[in-house]
Amino acid sequence: MNVNGRLILMLLMAIVVLIGGNVIVFLYPRWEASQPARERLEAENQGSCLKVSDFYSVHLTSFFYGTSDDAVSSKDKDQSHGQYCDRIPGTGLVVFTVDLMEQEARDQAVALSLSRYDSQGQLKLLRELPAKIHPDGVLTMNAAVPEKGRYILKVAFGAAKTKDDIIEMPIMVAP
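Using the numbering used here, the letters of the sequence shown correspond one by one to residues 1 to 175.
Hints in this document: simulated from the structure, not taken from any laboratory.
Values in this document were obtained by computation on a predicted structure and should not be read as measured data.
Be aware that one or more of the hints could be misleading.
Distance windows between CB atoms, simulated [said to hold, decoys possible]:
id	residue 1	residue 2	range
1	M10	Q83	56 to 62 Å
2	I24	F55	38 to 44 Å
3	R127	A174	26 to 32 Å
4	Q122	T97	26 to 32 Å
5	N22	G149	40 to 46 Å
6	R106	T67	33 to 39 Å
7	F55	Q120	57 to 63 Å
8	F55	N142	26 to 32 Å
9	F26	H59	47 to 53 Å
10	Q120	M172	43 to 49 Å
11	L18	R106	47 to 53 Å
All residues carry an ideal CB built from backbone N, CA and C; glycine is no exception.
Whenever a hint applies, use it, and build me the whole structure from the sequences.
In structure tokens, the structure reads:
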């Protein structure tokens, strides 16, 4: 292929890339707006599921079951039984599932606790699971989340002597 042929080929490739980029920039907002609200909420929430420290990493999945109250709105019923990460849509029963990502973490005791920030900014412990070895790598804790607001879920590895042995996950309820 001669020099002119190569230049024409490169020019055609550049035009295809420019046109493709413009089409993507133009169509993406329209595609995103067409996604159902629940799918968009779950997609936005997925980025915060993985939490890490210098030594450990965990994956959080929160299952929101809501309240057993019969007077629950249809919007809340649509959100109940959904999977979330660190943003829970309402109060009621939440099941927190933490997956230990490293094999080494499964050979040591791991504890899990949920606390709520009160109006003065102090933490109040709501529920905790004592340190225990989890060879399957999954910790599950059911907790009643009584109020909207800020919570924190802590995963403590071993004796939790340093901040690197604790992963703190901020949880927002009904943001």
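We went through each hint and held it up to the structure:
1. Judged by the Cβ atoms, the range 56 to 62 Å given for M10 and Q83 is violated: they are separated by roughly 47 Å.
2. In this structure, I24 and F55 meet the distance hint of 38 to 44 Å, their C-beta atoms being roughly 39 Å apart.
3. Under the hint 26 to 32 Å, the C-beta atoms of R127 and A174, about 19 Å apart, miss the expected range.
4. The supplied range of 26 to 32 Å is met by Q122 and T97, whose beta-carbon atoms lie about 27 Å from each other.
5. Taking the beta carbon of each, N22 and G149 are about 44 Å apart, inside 40 to 46 Å as hinted.
6. Between R106 and T67 the Cβ separation comes to about 34 Å, which falls inside the hinted range of 33 to 39 Å.
7. A hinted range of 57 to 63 Å for the beta carbons of F55 and Q120 is inconsistent with their spacing of about 33 Å.
8. At about 28 Å, the CB distance of F55 to N142 agrees with the hint of 26 to 32 Å.
9. For F26 and H59, the hinted distance range of 47 to 53 Å is not satisfied, since their beta carbons lie about 35 Å from each other.
10. For the pair Q120 and M172, the supplied restraint of 43 to 49 Å is violated, since their beta-carbon distance comes to about 18 Å.
11. Distance hint check: the CB atoms of L18 and R106 are about 50 Å apart, consistent with the given range 47 to 53 Å.
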